[in-house]
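Enquirer: The chain contents come next:
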Amino acid sequence: AQSVTQLGSHVSVSEGALVLLRCNYSSSVPPYLFWYVQYPNQGLQLLLKYTSAATLVKGINGFEAEFKKSETSFHLTKPSAHMSDAAEYFCAVSEGGATNKLIFGTGTLLAVQP
Amino acid sequence: DAGVTQSPTHLIKTRGQQVTLRCSPISGHKSVSWYQQVLGQGPQFIFQYYEKEERGRGNFPDRFSARQFPNYSSELNVNALLLGDSALYLCASSFQRGNTGELFFGEGSRLTVL
Numbered sequence: 640a641q642s643v644t645q646l647g648s649h650v651s652v653s654e655g656a657l658v659l660l661r662c663n664y665s666s667s668v669p670p671y672l673f674w675y676v677q678y679p680n681q682g683l684q685l686l687l688k689y690t691s692a693a694t695l696v697k698g699i700n701g702f703e704a705e706f707k708k709s710e711t712s713f714h715l716t717k718p719s720a721h722m723s724d725a726a727e728y729f730c731a732v733s734e735g736g737a738t739n740k741l742i743f744g745t746g747t748l749l750a751v752q753p
Numbered sequence: 002d003a004g005v006t007q008s009p010t011h012l013i014k015t016r017g018q019q020v021t022l023r024c025s026p027i028s029g030h031k032s033v034s035w036y037q038q039v040l041g042q043g044p045q046f047i048f049q050y051y052e053k054e055e056r057g058r059g060n061f062p063d064r065f066s067a068r069q070f071p072n073y074s075s076e077l078n079v080n081a082l083l084l085g086d087s088a089l090y091l092c093a094s095s096f097q098r099g100n101t102g103e104l105f106f107g108e109g110s111r112l113t114v115l
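Chains as they are written, first to last, in the working numbering: chain C, 640 to 753; chain U, 2 to 115.
These are computed hints drawn from the structure, not numbers from a lab. Watch out, some of these pointers could steer you wrong.
Counterexamples of contact, computed for chain C against chain U with all Cβ distances above 12 Å [what the hints assert, rightly or not]:
| hint | residue |
| --- | --- |
| 1 | 645 |
| 2 | 652 |
| 3 | 658 |
| 4 | 661 |
| 5 | 684 |
| 6 | 701 |
| 7 | 723 |
| 8 | 730 |
| 9 | 746 |
| 10 | 752 |
List time: in silico SDA-like cross-link candidates among lysine to any residue, alpha-carbon distance up to 20 Å [said to hold, decoys possible]:
| hint | chain 1 | residue 1 | chain 2 | residue 2 |
| --- | --- | --- | --- | --- |
| 11 | U | 31 | C | 736 |
| 12 | U | 31 | C | 738 |
| 13 | C | 688 | U | 105 |
| 14 | C | 688 | U | 97 |
| 15 | C | 688 | U | 96 |
| 16 | C | 688 | U | 45 |
| 17 | U | 53 | C | 736 |
| 18 | U | 53 | C | 688 |
Derived contacts from chain U toward chain C, CB cut-off under 7 Å, selection only [to be verified]:
| hint | residue |
| --- | --- |
| 19 | 43 |
| 20 | 46 |
| 21 | 49 |
| 22 | 52 |
| 23 | 57 |
| 24 | 58 |
| 25 | 87 |
| 26 | 91 |
| 27 | 95 |
| 28 | 103 |
| 29 | 106 |
| 30 | 107 |
| 31 | 109 |
Yeah, the Cβ is synthetic: ideal placement off N, Cα and C, and Gly gets one too.
Using the sequences and the hints, build the whole thing.
Expert: What follows is the structure in C-alpha cells.
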C-alpha cells in the first residue's frame, strides 16, 4: 500500500534561508507524488507534481522537489524563504489505478522568522 | 472562472444529528472527491465520484454517504454525528478520473460536533 512520511511537523527558518521539507514515500508501483500548500483557513493548492518525467520538478512560488528512487524521497526545497511562505505543506502519493485518490502525509508547518 | 465552492463554510451540530455538505466543482470538471481533515492531520480520502458514479471509497463508516448530480455538483451526508466527526471537510474537483490529474480544492466546510 502507498504511504508518505513527512519528517518534522514544524520547521522554522529565517527569511532568506534555504527551505527543506522532507518527504519519504512507500509505493508498490511507480509513484505519482505531489506537494500541496495550505494557508490558514484555506483549501489546498498544488505546488508541484512528479509523474515519472524529469526527476527534478519545478513548481510555483520558486519551490522545487527532486524524486530520488534509491532513497524513496521527494523532498521540497526553496533557495530563499519569504515571509509569505509560512503555511502548512503536505506531501501526497497517488494510490494509482482508476481513481485520483491521494494519500497525504501529516503535514509540516513552516514558520518564517524575520 | 470560479474555483471549487463549498457550503456552508462553518457549521455546528450536536451528537446524533445529521449534516449535509455541498460542493460545486470547477466548470467542466466531472470528478468530485471528498476528504476529511482532522485538526493536526493530513486530509483523508472519503469518496470520489466521476460522471455521477462512485469510483472510490475510503475507510469510513456507512454513516458517510455522498452523491453527484447531473450538473456534477455533489453532496456529502453524515448521519448520527459523533464528536470525532469534527473536522474540515474538503471537496476537490478534477477534469480527469485517474491519478495524473491535478486536484483543485475548495476552502472547506468546518464542522464542529458538540
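Enquirer: Hint by hint, note whether the structure agrees.
Expert: Hints, one by one, checked against the model:
Non-interface status of residue 645 of chain C relative to chain U is broken: a Cβ of that chain comes within 12 Å, the nearest being about 8 Å off. With 12 Å as the threshold on Cβ separation, the claim that residue 652 of chain C sits away from chain U holds: the shortest Cβ distance comes to roughly 21 Å. Against chain U, the non-interface label of residue 658 of chain C holds: every CB pair exceeds 12 Å, the least being about 19 Å. No beta-carbon of chain U comes within 12 Å of the beta-carbon of residue 661 of chain C; the shortest separation is about 15 Å.
With a least CB separation of 7 Å from chain U, residue 684 of chain C falls inside the 12 Å interface cut-off, contrary to its annotation. For residue 701 of chain C, the requirement that its beta carbon stay farther than 12 Å from each beta carbon of chain U is met, with the minimum near 19 Å. The claim that residue 723 of chain C is not at the interface with chain U holds, since no C-beta of that chain comes within 12 Å of its own (minimum 18 Å). The Cβ of residue 730 of chain C does not lie farther than 12 Å from every Cβ of chain U; its closest approach is about 9 Å, which violates its non-interface assignment.
Look at residue 746 of chain C: its CB is around 5 Å from the nearest CB on chain U, not clear of 12 Å, so calling it non-interface is violated. Here residue 752 of chain C stays apart from chain U, with its beta-carbon at least about 22 Å from theirs, past the 12 Å limit. The straight-line distance between the Cα atoms of residue 31 of chain U and residue 736 of chain C is roughly 18 Å, inside the 20 Å bound, and the hint therefore holds. The straight-line distance between the Cα atoms of residue 31 of chain U and residue 738 of chain C is roughly 13 Å, inside the 20 Å bound, and the hint therefore holds.
Restraint check: the Cα-Cα separation between residue 688 of chain C and residue 105 of chain U comes to about 13 Å, which is no more than 20 Å; the hinted pair holds. Distance check on the hinted pair: residue 688 of chain C and residue 97 of chain U sit about 15 Å apart at the alpha-carbon level, within 20 Å; holds. Taking the CA atoms of residue 688 of chain C and residue 96 of chain U, the gap is about 16 Å. The hint holds against a cut of 20 Å. Annotation: proposed proximity of residue 688 of chain C to residue 45 of chain U holds, straight-line Cα distance about 19 Å (limit 20 Å).
Between the alpha carbons of residue 53 of chain U and residue 736 of chain C the distance comes to roughly 19 Å, so the proposed pair stays at or under 20 Å and holds. In summary, the hint linking residue 53 of chain U to residue 688 of chain C is not supported, as the alpha carbons are separated by about 27 Å, beyond the 20 Å threshold. Evaluation of the residue 43 of chain U hint against chain C yields a held restraint, the C-beta minimum of about 3 Å falling below 7 Å. For residue 46 of chain U, the interface hint holds, since its Cβ comes within 7 Å of a Cβ in chain C; the closest pair sits about 5 Å apart.
For residue 49 of chain U, the interface hint holds, the least distance from its beta-carbon to any beta-carbon of chain C being 5 Å, beneath 7 Å. Interface hint status for residue 52 of chain U: violated, as the beta-carbon distance to the closest one in chain C is roughly 12 Å, over 7 Å. The closest approach between the C-beta of residue 57 of chain U and any C-beta of chain C is roughly 4 Å, which is under the 7 Å cut-off, so the hint is satisfied. Of the supplied interface hints, the one on residue 58 of chain U is violated, with its beta-carbon coming no nearer than about 9 Å to a beta-carbon of chain C, more than 7 Å.
Interface hint at residue 87 of chain U: violated, since its Cβ lies 16 Å from the closest Cβ of chain C, which is beyond the 7 Å cut-off. With a least beta-carbon distance of about 6 Å to chain C, the hint placing residue 91 of chain U at the interface is held under the 7 Å criterion. A least Cβ separation of about 6 Å between residue 95 of chain U and chain C falls short of the 7 Å threshold, and the interface hint therefore holds. Among the interface hints, the one on residue 103 of chain U holds; its C-beta lies about 5 Å from the nearest C-beta in chain C, closer than the 7 Å criterion.
Interface restraint check: residue 106 of chain U against chain C, minimum CB-CB distance 4 Å, threshold 7 Å, status holds. The interface hint given for residue 107 of chain U holds, since its Cβ lies 5 Å from the closest Cβ of chain C, which is under the 7 Å cut-off. Because the closest C-beta pair between residue 109 of chain U and chain C is about 6 Å apart, less than 7 Å, the hint holds.
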